[in-house]
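Here's the letter readout for the chains.
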Amino acid sequence: MISANLSAIFYLTSGVLFILALRGLSSPETSRQGNFFGILGMVIAITVTFLSIGNFSTGFVYVLIFLLIGGLIGAFIAYKIPMTAMPELVAGFHSLVGLAAVFVAISAFLNPEAFNLGSPGNIKLGSLIEMSIGAVVGAITFSGSIIAFLKLQGLMSGSPITFKGQHPLNALILISIVIVTYLLCSTQSSNLFWILLTISFLIGFLLIIPIGGADMPVVISMLNSYSGWAAAGIGFTLENTALIITGALVGSSGAILSYIMCKGMNRSFFNVILGGFGAAEQSSSAGNKEQRPVKSGNAEDAAFLMKNASSVIIVPGYGMAVAQAQHALREMVDTLKKNDIKVTYAIHPVAGRMPGHMNVLLAEANVPYDEVFELEEINNDFANADVAFVIGANDVTNPIAKTDPQSPIYGMPVLDVEKCKSVLFVKRSLSPGYAGIDNELFYKDNTLMLFADAKKMTEDITKNL
Amino acid sequence: MEIDPFIFRLSIFILSIFIGYYVVWSVTPSLHTPLMSVTNAISSVIIVGAIIAGLAGNSESIFNTSSIFGFLAISLAAINIFGGFLVTQRMLAMYKKKKKDK
Numbered sequence: 001m002i003s004a005n006l007s008a009i010f011y012l013t014s015g016v017l018f019i020l021a022l023r024g025l026s027s028p029e030t031s032r033q034g035n036f037f038g039i040l041g042m043v044i045a046i047t048v049t050f051l052s053i054g055n056f057s058t059g060f061v062y063v064l065i066f067l068l069i070g071g072l073i074g075a076f077i078a079y080k081i082p083m084t085a086m087p088e089l090v091a092g093f094h095s096l097v098g099l100a101a102v103f104v105a106i107s108a109f110l111n112p113e114a115f116n117l118g119s120p121g122n123i124k125l126g127s128l129i130e131m132s133i134g135a136v137v138g139a140i141t142f143s144g145s146i147i148a149f150l151k152l153q154g155l156m157s158g159s160p161i162t163f164k165g166q167h168p169l170n171a172l173i174l175i176s177i178v179i180v181t182y183l184l185c186s187t188q189s190s191n192l193f194w195i196l197l198t199i200s201f202l203i204g205f206l207l208i209i210p211i212g213g214a215d216m217p218v219v220i221s222m223l224n225s226y227s228g229w230a231a232a233g234i235g236f237t238l239e240n241t242a243l244i245i246t247g248a249l250v251g252s253s254g255a256i257l258s259y260i261m262c263k264g265m266n267r268s269f270f271n272v273i274l275g276g277f278g279a280a281e282q283s284s285s286a287g288n289k290e291q292r293p294v295k296s297g298n299a300e301d302a303a304f305l306m307k308n309a310s311s312v313i314i315v316p317g318y319g320m321a322v323a324q325a326q327h328a329l330r331e332m333v334d335t336l337k338k339n340d341i342k343v344t345y346a347i348h349p350v351a352g353r354m355p356g357h358m359n360v361l362l363a364e365a366n367v368p369y370d371e372v373f374e375l376e377e378i379n380n381d382f383a384n385a386d387v388a389f390v391i392g393a394n395d396v397t398n399p400i401a402k403t404d405p406q407s408p409i410y411g412m413p414v415l416d417v418e419k420c421k422s423v424l425f426v427k428r429s430l431s432p433g434y435a436g437i438d439n440e441l442f443y444k445d446n447t448l449m450l451f452a453d454a455k456k457m458t459e460d461i462t463k464n465l
Numbered sequence: 001m002e003i004d005p006f007i008f009r010l011s012i013f014i015l016s017i018f019i020g021y022y023v024v025w026s027v028t029p030s031l032h033t034p035l036m037s038v039t040n041a042i043s044s045v046i047i048v049g050a051i052i053a054g055l056a057g058n059s060e061s062i063f064n065t066s067s068i069f070g071f072l073a074i075s076l077a078a079i080n081i082f083g084g085f086l087v088t089q090r091m092l093a094m095y096k097k098k099k100k101d102k
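Just so you know, the sequences run in chain order A and B.
My numbering applies: residue 1 is where the first sequence begins, and numbers increase by one.
My numbering applies: residue 1 is where the second sequence begins, and numbers increase by one.
I should point out that these hints are in silico values taken from the structure, not numbers from a laboratory.
Please note that a few of the clues may not be correct.
Stated by the list, open to error - Across the chosen pairs, the derived CB separations fall in these ranges:
1) A:THR58 to B:LYS96: 16 to 26 Å
2) A:PHE270 to B:ILE3: 30 to 40 Å
3) B:LYS96 to A:GLY121: 54 to 64 Å
4) A:ILE9 to B:MET1: 21 to 31 Å
5) B:LEU15 to A:PHE270: 22 to 32 Å
6) B:MET1 to A:ASP370: 53 to 63 Å
7) B:LYS96 to A:GLU300: 24 to 34 Å
8) B:LEU15 to A:THR47: 22 to 32 Å
What the hints assert, rightly or not - Quick list of in silico lysine to any residue cross-link-like pairs, SDA-like style, CA-CA up to 20 Å:
9) B:LYS97 to A:ASP334
10) B:LYS97 to A:GLU364
11) B:LYS97 to A:ASP370
12) B:LYS98 to A:PHE373
13) B:LYS98 to A:ARG32
14) A:LYS263 to B:LYS98
15) A:LYS295 to A:ARG32
16) B:LYS98 to A:ASP340
17) A:LYS295 to A:ALA452
18) A:LYS342 to B:TYR22
Please read these numbers as outputs of a predicted model, since none were measured by experiment.
By construction, the Cβ of each residue, glycine as well, lies at the ideal position given by its N, Cα and C atoms.
Please work from the sequences and hints to get the whole structure.
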């Protein structure tokens, strides 16, 4: 058994190592070292916890068994999961953090002596408040992430689910959470504790169902943030520095990512969270649907255009992930490079279903990360490029965002794809994207539509090069 | 007058939010997905609470309601810790620079 002061120092150390883990991600070269620091911090935290309890009896064996079960499941998932399923995986992991926070809060509520928080029915007020916050946020994280997971996995419709009185209902539940927490703290009633957990699970579920599939980058980031705040709440209850530091880091990380994602869509956070974007706009655009002529081509035409280009910019989007076209795409690019054509990739901040989604897929397909550029870095290059190859992206290339103040996506930063000499647009049909509006780009003279599955089309082009 | 230790923890918390703010803004956008998976892994340091809860059972009964929730939380957090760090490592291993021989 080690002293409380010594273990506090070790917890501080693991907190610092976690900061270094995030710091490492500032560049791909240092990132692997950062991940190692994270693992080290975790090992220290767990070891110190064992040593500070100093109880190596039968209970210890069970702790190891449960740790091992979880570890094996986790390791198995980590090695098996395809990279395209990363958004679902992250959402699933968030739900586990939330549920773990809830379980720890339940344990602490039922057996406060073990945590030095008082006795059942007589828990220290401060601890009870912290515990309730941790439990509430944890429960919201859990049920919200489950919904996000189901939507991303396609087990639940990605379109927003809205009903009358949704917002007043949510507001009512949020107010009752505050009231029940207050009552719980004044009466210490365990019934109120269970009620609090139940309504928190419910609100997490209700908050996420009205949010559409393509807004998932914001939702995942937001739930990431919540899982941090839940951990921090439990950290205060347990008076554990490592947990408090980590909770704060993760909480602000998720908040920043949500902000970046909202900015990438030029929408306010509340606009996204209140949901219903896709559904509302689709009905408005359905009225003035007109058939306008588009130029469409086949793989041969596309190959011809690219062969005669000297620079090509690839614009990937969620469709590439769905079609699993990243490997085929890289093969096409390899062929282009053999013909001395300069190829770069342009990534919009909200391309895909989570922050950085496209980057991971391209990295998986062995695309060097110094050929991949963010919107601000590459947007001026479109004017000098010969061909833009849009694969699976749509709304993020729509020039209407710059020209039509009436458009729902007006003001959203878009890739200046139309400035290229010619645009190749791989798409299955002319159907509008998530925002439910027509893409002006389809009807431009210099646009050639390639109607096909992204993967198949890319492979066919490679054959024709 | 003594300062409540809670205030010290609150100070750590507030300062960590600021550290998080600056550190996360310096993360390159191409690594935002690994950022999410690694934050997932480190927030599972909540396992320390789960271990305390799991070991709290007395010698006669290792399993009581409180410790069972503790044991379950250990498994959940462990899935995240192993899964989170390993999947991050797998992703980061894929980020390669252009070969110089061109």
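For each hint, the structure was consulted:
no.: 1; hint: A:THR58 to B:LYS96: 16 to 26 Å; result: violated, 48 Å
no.: 2; hint: A:PHE270 to B:ILE3: 30 to 40 Å; result: holds, 37 Å
no.: 3; hint: B:LYS96 to A:GLY121: 54 to 64 Å; result: holds, 59 Å
no.: 4; hint: A:ILE9 to B:MET1: 21 to 31 Å; result: holds, 27 Å
no.: 5; hint: B:LEU15 to A:PHE270: 22 to 32 Å; result: holds, 28 Å
no.: 6; hint: B:MET1 to A:ASP370: 53 to 63 Å; result: holds, 58 Å
no.: 7; hint: B:LYS96 to A:GLU300: 24 to 34 Å; result: holds, 33 Å
no.: 8; hint: B:LEU15 to A:THR47: 22 to 32 Å; result: holds, 26 Å
no.: 9; hint: B:LYS97 to A:ASP334; result: holds, 15 Å
no.: 10; hint: B:LYS97 to A:GLU364; result: holds, 13 Å
no.: 11; hint: B:LYS97 to A:ASP370; result: holds, 6 Å
no.: 12; hint: B:LYS98 to A:PHE373; result: holds, 14 Å
no.: 13; hint: B:LYS98 to A:ARG32; result: holds, 18 Å
no.: 14; hint: A:LYS263 to B:LYS98; result: violated, 30 Å
no.: 15; hint: A:LYS295 to A:ARG32; result: violated, 46 Å
no.: 16; hint: B:LYS98 to A:ASP340; result: holds, 15 Å
no.: 17; hint: A:LYS295 to A:ALA452; result: holds, 14 Å
no.: 18; hint: A:LYS342 to B:TYR22; result: violated, 35 Å
In the structure shown, a violation is registered for the earlier hints numbered 1, 14, 15, 18, in ascending order.
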